[in-house]
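Kindly produce the complete structure, drawing on both the sequences and the hints.
Residue numbers (the working numbering), protein chains in the order written: chain C, 1 to 458; chain S, 1001 to 1458.
There are no misleading hints in this set.
Simulated coverage check for chain C against chain S, where a stretch passes if three residues somewhere in it have a Cβ under 8 Å from a Cβ of chain S:
#, region
1, 310 to 323
2, 343 to 350
3, 353 to 360
Listing some non-contacts, in silico: residues in chain C with all C-beta distances to chain S over 12 Å:
#, residue
4, Pro6
5, Leu40
6, Pro43
7, Ser49
8, Asp138
9, Gln151
10, Gly332
11, Ser334
12, Lys419
The set of hints was computed from the structure by calculation and includes no laboratory data.
Glycine included, C-beta positions come from ideal geometry on N, C-alpha and C.
2 protein chains.
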Amino acid sequence: MTFANPIIEAGIAGLIALYDQRAVTPVEATQAYLARIERLGGPLNAYTSVDEDGALSAARASAERWAAGEPLSGIDGVPIAIKGNIAVKGMPLHAGIGAHRGRIATEDAACIAALREAGAVILGMLNMHEGAVGATTDNEAFGKAHNPYAQGLTAGGSSGGSGSAVAAGLCAGALGTDTLGSVRIPASFCGVVGHKPTQGLISMDGVVALSWTLDHVGVLARSAQDCAYLLAHAAAVDGDLAESFSQIADLDALRPAPFAALDLAPFGDIIDPELVTAYDAAIAAARDLGLDIETISLEGYDFNAMMQHGYLIMTAEGAVSLEDDLASGPEGFSAVGRQTFGWGAAQPAANLAKAYRAVGVSVDLLKDLLTPYAALLLPTTPGPAFSFDSGGLAHVADFTALGDFLGMPSCAAPIGVTKTGLPLSIQALAWDDETALSLADLVSNAAELTPTPQAFRG
Amino acid sequence: MTFANPIIEAGIAGLIALYDQRAVTPVEATQAYLARIERLGGPLNAYTSVDEDGALSAARASAERWAAGEPLSGIDGVPIAIKGNIAVKGMPLHAGIGAHRGRIATEDAACIAALREAGAVILGMLNMHEGAVGATTDNEAFGKAHNPYAQGLTAGGSSGGSGSAVAAGLCAGALGTDTLGSVRIPASFCGVVGHKPTQGLISMDGVVALSWTLDHVGVLARSAQDCAYLLAHAAAVDGDLAESFSQIADLDALRPAPFAALDLAPFGDIIDPELVTAYDAAIAAARDLGLDIETISLEGYDFNAMMQHGYLIMTAEGAVSLEDDLASGPEGFSAVGRQTFGWGAAQPAANLAKAYRAVGVSVDLLKDLLTPYAALLLPTTPGPAFSFDSGGLAHVADFTALGDFLGMPSCAAPIGVTKTGLPLSIQALAWDDETALSLADLVSNAAELTPTPQAFRG
Chain C
1 MTFANPIIEA
11 GIAGLIALYD
21 QRAVTPVEAT
31 QAYLARIERL
41 GGPLNAYTSV
51 DEDGALSAAR
61 ASAERWAAGE
71 PLSGIDGVPI
81 AIKGNIAVKG
91 MPLHAGIGAH
101 RGRIATEDAA
111 CIAALREAGA
121 VILGMLNMHE
131 GAVGATTDNE
141 AFGKAHNPYA
151 QGLTAGGSSG
161 GSGSAVAAGL
171 CAGALGTDTL
181 GSVRIPASFC
191 GVVGHKPTQG
201 LISMDGVVAL
211 SWTLDHVGVL
221 ARSAQDCAYL
231 LAHAAAVDGD
241 LAESFSQIAD
251 LDALRPAPFA
261 ALDLAPFGDI
271 IDPELVTAYD
281 AAIAAARDLG
291 LDIETISLEG
301 YDFNAMMQHG
311 YLIMTAEGAV
321 SLEDDLASGP
331 EGFSAVGRQT
341 FGWGAAQPAA
351 NLAKAYRAVG
361 VSVDLLKDLL
371 TPYAALLLPT
381 TPGPAFSFDS
391 GGLAHVADFT
401 ALGDFLGMPS
411 CAAPIGVTKT
421 GLPLSIQALA
431 WDDETALSLA
441 DLVSNAAELT
451 PTPQAFRG
Chain S
1001 MTFANPIIEA
1011 GIAGLIALYD
1021 QRAVTPVEAT
1031 QAYLARIERL
1041 GGPLNAYTSV
1051 DEDGALSAAR
1061 ASAERWAAGE
1071 PLSGIDGVPI
1081 AIKGNIAVKG
1091 MPLHAGIGAH
1101 RGRIATEDAA
1111 CIAALREAGA
1121 VILGMLNMHE
1131 GAVGATTDNE
1141 AFGKAHNPYA
1151 QGLTAGGSSG
1161 GSGSAVAAGL
1171 CAGALGTDTL
1181 GSVRIPASFC
1191 GVVGHKPTQG
1201 LISMDGVVAL
1211 SWTLDHVGVL
1221 ARSAQDCAYL
1231 LAHAAAVDGD
1241 LAESFSQIAD
1251 LDALRPAPFA
1261 ALDLAPFGDI
1271 IDPELVTAYD
1281 AAIAAARDLG
1291 LDIETISLEG
1301 YDFNAMMQHG
1311 YLIMTAEGAV
1321 SLEDDLASGP
1331 EGFSAVGRQT
1341 FGWGAAQPAA
1351 NLAKAYRAVG
1361 VSVDLLKDLL
1371 TPYAALLLPT
1381 TPGPAFSFDS
1391 GGLAHVADFT
1401 ALGDFLGMPS
1411 CAAPIGVTKT
1421 GLPLSIQALA
1431 WDDETALSLA
1441 DLVSNAAELT
1451 PTPQAFRG
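In structure tokens form, the structure reads like this:
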């Protein structure tokens, strides 16, 4: 990224170095982010509320700890922002649903409590797709979350506010949630790194549930290393795992097994040709760095049919998760939202039974197919961000859903931009979080194109 | 049991002892069973087909092995019978469905192949509830399977033919399947031992699926030890596990942890008072033998609500399992069968999602509640067998369904009879098969009442 302000440019890892050198204080960093939100954030509509007082108060406490040489953790004093479906005590827990506009969280979600214990500064709550059930964040109640690369294009979803805020430098990192791709799709469209961890690594306690079988909490930041720091503290990992997240992308550690890259030839009609070019170039560059990458197809796995099964599971479970709200205050949902959950709730049980079975069968199949490989590279979305007026992108979650079915970590990272300057993204799906993060980082860096949205560089 | 013919009375373990002593040959035993089926089996309608030639041929081969002192296993030459939904090469694989009357299995199911390798003699195929989806075996296409204790009473279901044939001495043991109680309900009504093993211990390969999440293959015989022999060979276990099944009911081995017995007080309105008396007496007798048994309630587990959830899962998955048959030949099902599967298929997906979630939550709850105990004793059915004309027994599967949800082994065994002479049954649900079998055996024997149907003693 290339932000003019070095505090913003620093990201998470850089900011900690600046704190450690006493070059910047957490109060200065927090003020810098708050000022940017104020100056640049309006049109993006990434935030639904900003907690200036709370953030500055947390920053002052952090500054005292750094001054005393006793920071709580490697992210003490780092300003982050939180998706609207994760409970932050005293802040709105709206989940993108109009009916929940006035709902204030009375407790922190487990991941928020963990981040506070690590000293993180919470700037505010982020916009999201209504109920986390779609990929546009075209939210009737809270407004559209725009893409920093072009006003009028979607930031993706459902964690659209997270992608937009991270890409525009309105926070150093953000939390999101991912059920069929909701962390990775906005990461793809906004040109940032979005990591969906191993299912359950970050606790779902205190997060508004959509699909209890597929939901994950994930992280978005401007680099895989920054994602790793945020993940380590949101998940409150310790010991060897914490150590493994402290320094990702050790090429030697990545070399023992061959890697796989999905053959895109069978997807010619659904993938943007510019993405194919960038994808091929990124893999070629990674091979030049010495990675052993085999091109494979996942024979027997039907990406679109499985995404459809996932969609039924998500909407049927979502209708149950939100049952009381849908029954008592249907007017608090958009017409599309009511229709979406109503559709899921009312589908024939036989179809849902088939969907669960298909997921179980696919998980076994995919694990067998992936066993010879340390990780799988594949596109994140089939193309770049689209206009809110365009009606969406077909197959938008086809390549992300399998990571949720598998519960395996998958990290999306940018690998360049289209001719019109829109980010393109690759995913690394692996057996462990460190490998996914490291491989995504390496391939992304090998592509030598880490975009920054022009309008937000200043 | 008290059959006049010592070959029939011997059961599985006794028969092997007789073979070993050269007192009886497998041909004599098989002829004795075939003669009984011919003489007594008609009214019961437990068998849908008998394979006299195949059985005698297998018996002759077994006799040669015993004569040579080289039996294949501990059940070589033992005559058994198989539920109609388990593939026996060359025999009808009807699954109780009229449409499948002429379907001949072209391969053995995995458990049948294992039993043949152990030398078992297969007498024939058994009647069952249509599609294994009910508890009466009041089968429109294949006729009612009657209870050996009283013509006109159900043998239970769905493995009604299995329960009836074992109780009447028409086979030494039988295979059944159990989704919400289909092995244990007929065992209860027919006064035999029915064991639903750990899920997957006996392979489902080659068994007509009903519910892929809840189906189990199980065994029925006249004693827990006989069930253990049959289980060991149907599951093709070896090593320590085979050893553990060779001598069950070691009281000392059962003593390390306390056992639990379900408090029946909250179920006063649904449980037959005669069953409560027999249950209390059986537990008191087991305590007198030195077992440490605590009376507990499973707070938070709603037996009937969970059975209803299980019923929706079973019928919805069943509708998918049988989808092609229901679509191409609906007239091959009874009106009730079509209605049952049609109902399951068409229920709102939200209800099925809730059902799966409730099962997941209950499994966690029950495992927590049961952790302090080596096993749980509870009733099998809420009362004895009922008349086909009575419309059924409410709550018939309430006490069996949890064993299927948990996938934990559960063994049903008789603990006496009603004043009118109908068997009553207790279940032992445990963490491992040996404990379930051993405890059921011990409690059943302590009750000092192992019934034999009067009409079939001769």
